[in-house]
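Construct all of the structure, not just a fragment, from the sequences and the given hints.
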Amino acid sequence: MNATQTIPVAITDFTKRYGAQEAVSNLTLDIERGSICGLLGPNGSGKTTTFKCLLGFARPTSGSMAIEGAPLTPATFEYLGYVPERSALYEWMTGAQHLEFNRRTFKSYDPKRAAELVDLFKVDLKKRVGKLSKGQHTALAIVLAFSTRPRILILDEPASGLDPMFQRAVLDLIIEAAANGATVVFSSHQIGQVERAADRVAILKNGKLIVDGTVDSLKGSEKIVEAIFDHMIPDLNGLAVDPRISRIVRSGRILRAYVNHDSEGVARRINELAPKNVSILDLSLEDIFINAVGDVAAASPNGDR
Amino acid sequence: MSAIFTVDPRSGVPLYLQVIEQVKRHVALGSLAPGEQLPTVKALALDLTINPNTVARAYRDLERDGVIETSPGRGSFVSSNGSSANAHRAIDDVADSILNNAIREVKNLGLDRAQVTATFERQLDRWFPIGEQK
Numbered sequence: 001m002n003a004t005q006t007i008p009v010a011i012t013d014f015t016k017r018y019g020a021q022e023a024v025s026n027l028t029l030d031i032e033r034g035s036i037c038g039l040l041g042p043n044g045s046g047k048t049t050t051f052k053c054l055l056g057f058a059r060p061t062s063g064s065m066a067i068e069g070a071p072l073t074p075a076t077f078e079y080l081g082y083v084p085e086r087s088a089l090y091e092w093m094t095g096a097q098h099l100e101f102n103r104r105t106f107k108s109y110d111p112k113r114a115a116e117l118v119d120l121f122k123v124d125l126k127k128r129v130g131k132l133s134k135g136q137h138t139a140l141a142i143v144l145a146f147s148t149r150p151r152i153l154i155l156d157e158p159a160s161g162l163d164p165m166f167q168r169a170v171l172d173l174i175i176e177a178a179a180n181g182a183t184v185v186f187s188s189h190q191i192g193q194v195e196r197a198a199d200r201v202a203i204l205k206n207g208k209l210i211v212d213g214t215v216d217s218l219k220g221s222e223k224i225v226e227a228i229f230d231h232m233i234p235d236l237n238g239l240a241v242d243p244r245i246s247r248i249v250r251s252g253r254i255l256r257a258y259v260n261h262d263s264e265g266v267a268r269r270i271n272e273l274a275p276k277n278v279s280i281l282d283l284s285l286e287d288i289f290i291n292a293v294g295d296v297a298a299a300s301p302n303g304d305r
Numbered sequence: 001m002s003a004i005f006t007v008d009p010r011s012g013v014p015l016y017l018q019v020i021e022q023v024k025r026h027v028a029l030g031s032l033a034p035g036e037q038l039p040t041v042k043a044l045a046l047d048l049t050i051n052p053n054t055v056a057r058a059y060r061d062l063e064r065d066g067v068i069e070t071s072p073g074r075g076s077f078v079s080s081n082g083s084s085a086n087a088h089r090a091i092d093d094v095a096d097s098i099l100n101n102a103i104r105e106v107k108n109l110g111l112d113r114a115q116v117t118a119t120f121e122r123q124l125d126r127w128f129p130i131g132e133q134k
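Protein chains in written order, with my numbering: chain B, 1 to 305; chain A, 1 to 134.
Hints listed in this document are in silico derivations from the structure and should not be mistaken for laboratory results. Quick caveat, the model's predicted, so the values are computed rather than measured. Cβ atoms here follow ideal geometry from the backbone N, Cα and C, with glycine treated the same way. Among the hints, erroneous ones may be present.
Some but not every residue of chain B turned toward chain A, in silico, with C-beta under 7 Å [to be verified]: (1) 171; (2) 179; (3) 191; (4) 195; (5) 196; (6) 197; (7) 206; (8) 216; (9) 219; (10) 220; (11) 274; (12) 277; (13) 279; (14) 282; (15) 283.
Straight-line alpha carbon distances no greater than 27 Å define the calculated DSSO-like cross-link-like pairs of lysine-lysine that follow [to be verified]: (16) B:276 to A:42; (17) A:42 to B:122; (18) B:52 to B:131; (19) A:107 to B:112.
Here you go:
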């Protein structure tokens, strides 16, 4: 099979159960070459379970995970770099010993690259991992992940515990890797990082994929149509079941419809209710996320637009 | 070449559209001259800390619109072919988008066409006093 045609990261109908608890249900996600996919979701939504199974730390209950068209083997890690949520580092070993371990294990290990990254993140290689701060711990994991110049990167919270400068450095590494053709899947609680670096975003809730698309197409289609009425909001005339509208919020004389596509069409329809005026508001990725995850009523229009 | 463009990733406006708008604005203003080389996709993605595919998409659309030209292996350049026509179109595009936003906002205040026109003329008089040609 031609390497450019194989899907670098393919998750097919993946389900993971822990006892009676279904952590992930029927997840299908193909990540294309050169793409950066941001995986978002509240705690307990199944992100880390997905990462664990992608990396072979746990087995899917059903469905499959394929890296470059094949199941994971030890040889996969020659070209797959990863940062797991829970450290895979050994507490009693120093940073230098970890680098040495990777040098011996991987033919693709590039000592010059590793040295650059150690320098960039100011990692103290003489310290045992157990003595490192949370941020330095993450930084060492990043150094190890990128020191083989991998063409696939699977990163669960790769910037956690890092200060803003180092967080930006991690984003730069991800962006640089993708610009060189690498494929990246990463998660972050900081939606702004996904908003910058990712072209694709997948949102999980209760183990189910509820949003999947490019960041730009989501921003192009997900809008709020806001209408202000003179007196009372009239009968909505079936608006609540309009498939283009995912949610309607009323407060006083203001009606807000959260629209998933065709905001212009929805605006025209709402205009028939004779409001004082109708406007279409843009949403940030954070607004889109909160709206999709849905249990918080705090989704708000983006700034003054 | 660094930081001649700025984007706001938190904005609800898709990032590739922001990049397109920025390039057009600089072409219109002449701060990107005909024939001038644009940053590579990778360089601009790293400079703005945004996704490389997003920059690539913006460049593809700019090329389709004739604003830039890309030659494989050499990079992307501001179109020099019919460059003044392109610069004018870029100015029109940017001006349209600025006025579109402004008119939408005042319309949202509940003004009708005649009121918007009156407001617009009041502002025109301020910026282009009577008797002045330009």
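Status of the hints after comparison with the structure:
Checking residue 171 of chain B against chain A: minimum C-beta separation of about 6 Å stays under 7 Å; hint holds. Restraint check, residue 179 of chain B versus chain A: the minimum CB separation of about 4 Å is within 7 Å; hint holds. The closest approach between the C-beta of residue 191 of chain B and any C-beta of chain A is roughly 9 Å, which is over the 7 Å cut-off, so the hint fails. The interface hint given for residue 195 of chain B is met, as the beta carbon of that residue sits about 5 Å from the closest beta carbon of chain A, less than 7 Å.
Using the Cβ-Cβ criterion of 7 Å, the hint placing residue 196 of chain B at the interface with chain A is satisfied: the shortest such distance is roughly 5 Å. For residue 197 of chain B, the interface hint holds, since its Cβ comes within 7 Å of a Cβ in chain A; the closest pair sits about 6 Å apart. The interface hint given for residue 206 of chain B is violated, since its Cβ lies 27 Å from the closest Cβ of chain A, which is over the 7 Å cut-off. At its closest, the beta carbon of residue 216 of chain B sits 4 Å from a beta carbon of chain A; the interface hint therefore holds under the 7 Å criterion.
This hint holds: residue 219 of chain B has a C-beta 5 Å from the nearest C-beta of chain A, less than the 7 Å allowed. For residue 220 of chain B, the shortest C-beta to C-beta distance to chain A is roughly 5 Å, which falls under 7 Å, so the interface hint holds. For residue 274 of chain B, the shortest C-beta to C-beta distance to chain A is roughly 13 Å, which exceeds 7 Å, and the interface hint is violated. Interface restraint check for residue 277 of chain B: the shortest CB-CB distance to chain A comes to about 5 Å, inside 7 Å, so the restraint holds.
Given hint, residue 279 of chain B at the interface with chain A, holds; its Cβ is 5 Å from that chain's nearest Cβ, closer than 7 Å. For residue 282 of chain B, the shortest C-beta to C-beta distance to chain A is roughly 2 Å, which falls under 7 Å, so the interface hint holds. Taking 7 Å as the C-beta contact cut-off toward chain A, the hint placing residue 283 of chain B at the interface holds, the least distance being around 5 Å. Between residue 276 of chain B and residue 42 of chain A the CA atoms are separated by roughly 47 Å; this puts the pair beyond 27 Å, and the hint is violated.
Under the criterion of a C-alpha separation no larger than 27 Å, the hint pairing residue 42 of chain A with residue 122 of chain B is consistent with the structure, at around 25 Å. With a C-alpha separation of about 25 Å, the suggested pair residue 52 of chain B and residue 131 of chain B falls inside the 27 Å cut-off, and the hint holds. Using a Cα cut-off of 27 Å, the hinted pair residue 107 of chain A and residue 112 of chain B is violated, with the two alpha carbons roughly 60 Å apart.
The structure does not agree with the numbered hints 3, 7, 11, 16, 19 stated previously, though it agrees with the rest.
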